[in-house]
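Student: Read off the chains here:
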Amino acid sequence: MSNAAPLLDVANLRVDFPTPTGTVHAVRGLSFTLGRERLGIVGESGSGKSMTGRAILDLIPPPGLVTADRLAYRGQNLLSMHRTERRHLRGRRMSMVLQDAKFSLNPVATVGHQIAEAFRVHHKANRREARERTLSMLEAVQIREPAHVYDLYPHEVSGGMGQRVMIAMMLIAEPDILIADEPTSALDVTVQLQILKILDDLVTRRGMGLIFISHDLHLVRSFCDRVMVMYAGKAMETMPAAELTDAAAMARRHAYTLGLLGCLPELERPKAKLATLTRDPEWLK
Amino acid sequence: MSTQPAIAVSHLDVRFGQAHVVRDVSFHVRDGESYGIVGESGSGKSTVLRVLAGLNQDWSGTIDIRGAPQPKRRDKAFHGAVQMVFQDPYGSLHPKKTIDDALAEPLSIHGIGGTDARITRALDEVGLPRSFRFRYPSQLSGGQRQRVAIARALILEPGILLLDEPTSALDVSIQAEVLNLLQALRVERGLTYVLVSHNLAVVAHMCERLLVMQLGRAVEEMQARTLTARAPQTEYARQLLLASEGFSRPSV
Numbered sequence: 000m001s002n003a004a005p006l007l008d009v010a011n012l013r014v015d016f017p018t019p020t021g022t023v024h025a026v027r028g029l030s031f032t033l034g035r036e037r038l039g040i041v042g043e044s045g046s047g048k049s050m051t052g053r054a055i056l057d058l059i060p061p062p063g064l065v066t067a068d069r070l071a072y073r074g075q076n077l078l079s080m081h082r083t084e085r086r087h088l089r090g091r092r093m094s095m096v097l098q099d100a101k102f103s104l105n106p107v108a109t110v111g112h113q114i115a116e117a118f119r120v121h122h123k124a125n126r127r128e129a130r131e132r133t134l135s136m137l138e139a140v141q142i143r144e145p146a147h148v149y150d151l152y153p154h155e156v157s158g159g160m161g162q163r164v165m166i167a168m169m170l171i172a173e174p175d176i177l178i179a180d181e182p183t184s185a186l187d188v189t190v191q192l193q194i195l196k197i198l199d200d201l202v203t204r205r206g207m208g209l210i211f212i213s214h215d216l217h218l219v220r221s222f223c224d225r226v227m228v229m230y231a232g233k234a235m236e237t238m239p240a241a242e243l244t245d246a247a248a249m250a251r252r253h254a255y256t257l258g259l260l261g262c263l264p265e266l267e268r269p270k271a272k273l274a275t276l277t278r279d280p281e282w283l284k
Numbered sequence: 000m001s002t003q004p005a006i007a008v009s010h011l012d013v014r015f016g017q018a019h020v021v022r023d024v025s026f027h028v029r030d031g032e033s034y035g036i037v038g039e040s041g042s043g044k045s046t047v048l049r050v051l052a053g054l055n056q057d058w059s060g061t062i063d064i065r066g067a068p069q070p071k072r073r074d075k076a077f078h079g080a081v082q083m084v085f086q087d088p089y090g091s092l093h094p095k096k097t098i099d100d101a102l103a104e105p106l107s108i109h110g111i112g113g114t115d116a117r118i119t120r121a122l123d124e125v126g127l128p129r130s131f132r133f134r135y136p137s138q139l140s141g142g143q144r145q146r147v148a149i150a151r152a153l154i155l156e157p158g159i160l161l162l163d164e165p166t167s168a169l170d171v172s173i174q175a176e177v178l179n180l181l182q183a184l185r186v187e188r189g190l191t192y193v194l195v196s197h198n199l200a201v202v203a204h205m206c207e208r209l210l211v212m213q214l215g216r217a218v219e220e221m222q223a224r225t226l227t228a229r230a231p232q233t234e235y236a237r238q239l240l241l242a243s244e245g246f247s248r249p250s251v
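Same order as they appear, the protein sequences are chains A and B.
With numbering that gives the first Met the number 0, letter number 192 in the first sequence gets 191, and the count goes up by one each step, no holes.
With numbering that gives the first Met the number 0, letter number 117 in the second sequence gets 116, and the count goes up by one each step, no holes.
Calculated directly from the structure, the hints in this document are not laboratory data.
The structure displayed is predicted, hence computed values, not measured ones.
One thing to keep in mind: the hints can contain errors.
Said to hold, decoys possible - Covered stretches of chain A, as calculated for chain B (at least 3 residues, CB under 8 angstroms): (1) 188-196; (2) 253-262; (3) 271-284.
Said to hold, decoys possible - Short derived list, chain B residues pointing at chain A, Cβ under 10 angstroms: (4) Ser40; (5) Gly41; (6) Ile173; (7) Leu178; (8) Ala200; (9) Met205; (10) Leu226; (11) Thr227; (12) Arg229; (13) Leu239; (14) Ser243; (15) Gly245; (16) Ser247.
The C-beta atom is built at its ideal place from N, Cα and C for all residues, glycine as well.
Produce the entire structure from the sequences given, and follow the hints as far as they go.
Tutor: Following this line, the structure appears as structure tokens:
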């Protein structure tokens, strides 16, 4: 699936938070493009990976400041766009799945109602159509009894189901870009694999572009096409995911990536002592 | 094997109302051994640990610590010998108490003197600067807080440490530091560990033997070597191992 303009084109993205004690640079000059692929963003907490996702969707709360040389969705400049126009894109063309679905869903509305609302905001549809679409969407994210789950409140569903509800809500408008911020890190491994399978199908079948934010290197290597490693708001390197643990490509790896890999206990190669990470201020220059 | 086990659990059952969360679990941990319990959420692994620590008094079966059968309500001597480190370093330290308060409390409960010297030594041992002593938890990072929690557990010089997902809330680089610390302390002091985790690689790294739990039952006990050789006997353990390797695209 080749397309002339990339789905997303980001150049020199910066997110700054002015504080009384000086400006905090959450993202410092990030550039990347996203096609119809799975792009993984990995990094430790505070590396700016979530801020990057939020900046793309214009979800940085004030007093945060987003600047970029270029931030374009299919050639349309998002930065010069009017707020209303951008709001139409958000949810319809690009949306975001957050880490903890339970906290992101409205606790006093049924999950079905919330998903149907997401549909009706972006499509002209009456209640019945919206309900039907919602039920089929719930089925698509492999919820066994959609009609039953439709009427449940968020506290009545399990963590894995809540995450699927969230994904259903984000996907019902059929966006081109989905930003998934640690979508599975609160879930058990087996449920995690089901969710990944759903996301994988969407990329391969519908040609969606996926930005997969995670701190789990193994997961990103096995799931994504490309991986961007972030540290302190900067991209240390971007590589094909398979190269992340490819012994032959290790010589090309950034010291930070190697550091992260060294920290992990591994089943195959037991280590007497785990390496600890040394951070080089040079990386931020 | 001649010596008695540090911990012997047999036919442990725990019910919360209708829910039968631990079903007939038996295992023993040798003195100086590091023993892992793995399983998904709801498998009962943390409940087993909480029962061992005396935090849950609703159970049946027998628990022997160094040969002594344990009552439902533990005595002070037990808490001097067995201590626990919790999963969430943000939740397990009192936000309005300094590190000094947190470390001094177990000492005062147990009527142990020399508080000052013991606290400085405890901070040294877990690799925290002495200047941290009068800070509040909010002034510390997650890894530093977990070090405080470990220092608090070790200040009574227990022989057995119960670890409930001690690194799952931490970044991998911090996880490595905490795991290294735990291993060094174990060698130094000849500690016995029971480590609960959902991360098989962490358990294989830290433990000699482990127990796989599913829906409250003990599914399989194995050597860590069996895990690294990918040779578990039961279907469930194999599944868990497979799932831990990450995503594999199903053959199209």
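Student: Quick check on B:Ser243 please, does its C-beta sit within 10 angstroms of some C-beta on chain A?
Tutor: holds (6 angstroms)
Student: Measuring from the C-beta of B:Leu226 to each C-beta in chain A, is the shortest one below 10 angstroms?
Tutor: Nearest chain A Cβ about 7 angstroms off; hint holds.
Student: So, B:Ser40 near chain A? Judge it on the closest CB pair being under 10 angstroms.
Tutor: holds (6 angstroms)
Student: Taking 10 angstroms as the limit, does the beta-carbon of B:Ala200 come near enough to a beta-carbon in chain A?
Tutor: holds (4 angstroms)
Student: Counting residues of the segment 188-196 of chain A whose CB is closer than 8 angstroms to a CB in chain B, do you get three or more?
Tutor: holds (count 6)
Student: When the nearest CB of chain A is found for B:Arg229, is that gap smaller than 10 angstroms?
Tutor: Given a least distance of 8 angstroms, the restraint on B:Arg229 holds.
Student: With a Cβ-Cβ cutoff of 8 angstroms, does the segment 253-262 of chain A contain at least three residues near chain B?
Tutor: holds (count 4)
Student: Grab the minimum C-beta distance from B:Gly245 to chain A and call the hint holds if it beats 10 angstroms, violated otherwise.
Tutor: Since chain A brings a Cβ to about 3 angstroms from B:Gly245, closer than 10 angstroms, the hint holds.
Student: How about B:Leu239: closest beta carbon in chain A under 10 angstroms, or not?
Tutor: With a minimum Cβ separation of about 7 angstroms from chain A (threshold 10 angstroms), the hint on B:Leu239 holds.
Student: Take the shortest C-beta to C-beta distance between B:Met205 and chain A; is it under 10 angstroms?
Tutor: Hint on B:Met205: holds, closest Cβ of chain A at ~8 angstroms, below 10 angstroms.
Student: Under 10 angstroms, Cβ to Cβ, is where B:Ile173 needs to be relative to chain A, so tell me if that hint holds or is violated.
Tutor: holds (8 angstroms)
Student: Using C-beta distances, would you say chain B covers the segment 271-284 of chain A, given that this needs three or more residues below 8 angstroms?
Tutor: With 5 residues close enough to chain B, the hint holds.
Violated hints are absent here; each numbered hint is respected by the structure.
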